[in-house]
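Number of protein chains: 2
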Amino acid sequence: MSTKAYAAFAATEDLKPHIIERRNLDAFDVFIDIDYCGVCHSDIHTARAEWGVPNYPVVPGHEIIGRVLEVGPNVTKFKVGDLVGVGCMVESCQHCHSCDEGLEQYCENGFTGTYNSKRSKFGGVTYGGYSENIVVNEDFVLTIPENIDVKAAAPLLCAGITTWSPLRHWNVKAGDKVGVIGLGGLGHMGVKFAKAMGAHVVMITTSAKKGEDAKLLGADEVLISTDPKQMEQHNYSFDFLLNTIPVKHDLNPYLGLLKLDKTMCIVGAIEPIDLHGGILINKRRNVAGSLIGGIKETQEMLDFCGKHNIVSEVEMIDIQNINQAYERMIKSDVKYRFVIDMKSLK
Amino acid sequence: MSTKAYAAFAATEDLKPHIIERRNLDAFDVFIDIDYCGVCHSDIHTARAEWGVPNYPVVPGHEIIGRVLEVGPNVTKFKVGDLVGVGCMVESCQHCHSCDEGLEQYCENGFTGTYNSKRSKFGGVTYGGYSENIVVNEDFVLTIPENIDVKAAAPLLCAGITTWSPLRHWNVKAGDKVGVIGLGGLGHMGVKFAKAMGAHVVMITTSAKKGEDAKLLGADEVLISTDPKQMEQHNYSFDFLLNTIPVKHDLNPYLGLLKLDKTMCIVGAIEPIDLHGGILINKRRNVAGSLIGGIKETQEMLDFCGKHNIVSEVEMIDIQNINQAYERMIKSDVKYRFVIDMKSLK
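Top to bottom, those sequences are chains A and B. Oh and the first sequence: position 148 is 148 in the numbering used here, straight run, nothing missing. Oh and the second sequence: position 208 is 208 in the numbering used here, straight run, nothing missing.
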């Protein structure tokens, strides 16, 4: 079926309106009318070919919220009218060890991304959420709690789960001292989640202003990472560090903050980072990475958000302003995530 | 009391004979007549001021084997004539969380090294095993099994425990695929221990010759790290990687070898290393460090060596040849550890 979407056709072009072909509904598929779509840095990297040349046209968007319009005959998990979400994945092999464990993001055969991915089952390329609607297998559709601010729930599906998953995996619990490094789309969710889990949350930032902002979001303390005296005072005191810095940087000043056997988890920087072996060795410290989260834990996060009334801080835009939004994101000029009101497309 | 030792007096000087002052026997002390002392790269780094200017004169040596000559009145663990060892530590605070856990190497107040360390309890500086004898608190003295080749047991006290501790901490067990990166003093012990623990051991090296040598030590397979095709075949297949490379290097080619959630542990390189965030993120991989081992686990390792008849591969030297041995070690011209026969000093 043909549907309206916003797409990039080349790395040098702005996104503009386009008609794309969605696949027809399969027996296990859910057809979703999209209400809101969050805007992730990955959208920019992909549309602008910063992660390699994508399959143009690219329709970005993997923080999707909408209502079920139609379901395939074998769908059991959803019915017409349900409030649902779609995150970064729409297919995986569902039979490897990782998929069996509910860790589809680490699928040994590679998951299918919500956009710019070759579809393993139906052929063609996936198109994301900057669109009127989307067709997704029910196993990759999430239930959104009706009680939270729905438009602000969209970023939970990428920024949210990306920070939730490592906090859970490394077992952050009440009383732990947790540092969140960097305050952006990911960092602000890290602060909210760690706080809701009962941790003593320290915002670690270069900017006093961001520190103040983090306190409004729930951070208990602020540590200015460029102040050696402050860093020294917090030396060897953290149970977990969530590093959301999205660019190449030096890990070493932060690693000394960790206690014996504790972990810094990187969720932002896929670029090279600088690491000093001695700092790991002298307190058996760990540096790890973590990628979004599995479907099961994404649902757990959404249920937690419903219970604790947690959403992202968002600025709403119309789809016609997407290119200006990209420019502002590149300058970090957003608190903390743009969300597109997809009514503007219709 | 005064005793004969080999010491360096300045970074530019060779080690030469010297008379040093040992502290007198305290109530909990053991006086050890030294039979053998292994030669560790740390000895060179310290004597030559490569890790900062040491407290000259430096008497290196922290792989010490000897017999108990005398014990203080309160000593309960050892008696005259016992075959004993001393490793890298001779004191720690013994009341912090790490010490309580038997992890004196991570003592929160800093352990006292066997040489070139300021003594916390008795004042002065510690002098190591290139010496006729040594005085050590009984809590830092190990029992050496009488059934193994005693001279070849000396390197167990540093090279041995440095590889044993991470293999145990990351729970290497029968059937695990374990890679040992680098074949030297540490790597050759890593191969022997991992094999004895029942793992499938892969020697990862740039040198086909070293690969053959590793097979003689028990490695099941050899992986030449400079061959991209071989590396690709082993991609995503390892349960643990023990990285013994002692110099700055690029971690990234090795990290792809790890399965989901698995760890590469660095025990050699205290220098900066290059690390790519994306490789950690895409399979939730870990990079960690590990420092020697605690006294309790060192004794466990020695008992295991007694049971499985494991010792190091050594080349014996007289103390008068220590400076030539240093030069050969710098060229990696030793299989795999020099041990000084301390009778040569007497």
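Don't take every hint at face value.
In this list, chains with the same sequence are indistinguishable; a pair is considered to hold if it fits within one copy or across any two.
[Claimed, not checked] Dumping the calculated DSBU-like pairs for lysine-lysine here, alpha-carbon to alpha-carbon at most 35 Å: (1) Lys296 / Lys118; (2) Lys248 / Lys229; (3) Lys195 / Lys259; (4) Lys259 / Lys16; (5) Lys118 / Lys259; (6) Lys4 / Lys259; (7) Lys259 / Lys77; (8) Lys296 / Lys173; (9) Lys229 / Lys118; (10) Lys248 / Lys151; (11) Lys335 / Lys307; (12) Lys248 / Lys259; (13) Lys121 / Lys259; (14) Lys229 / Lys79; (15) Lys229 / Lys346; (16) Lys259 / Lys346; (17) Lys209 / Lys307; (18) Lys118 / Lys215; (19) Lys229 / Lys121; (20) Lys296 / Lys259; (21) Lys16 / Lys215; (22) Lys229 / Lys259; (23) Lys173 / Lys259; (24) Lys346 / Lys248; (25) Lys121 / Lys343.
These are computed hints drawn from the structure, not numbers from a lab.
Going through the numbered hints above, which ones does this structure break? Give me the numbers in ascending order. 4, 6, 14, 15, 16, 18, 21 and 24
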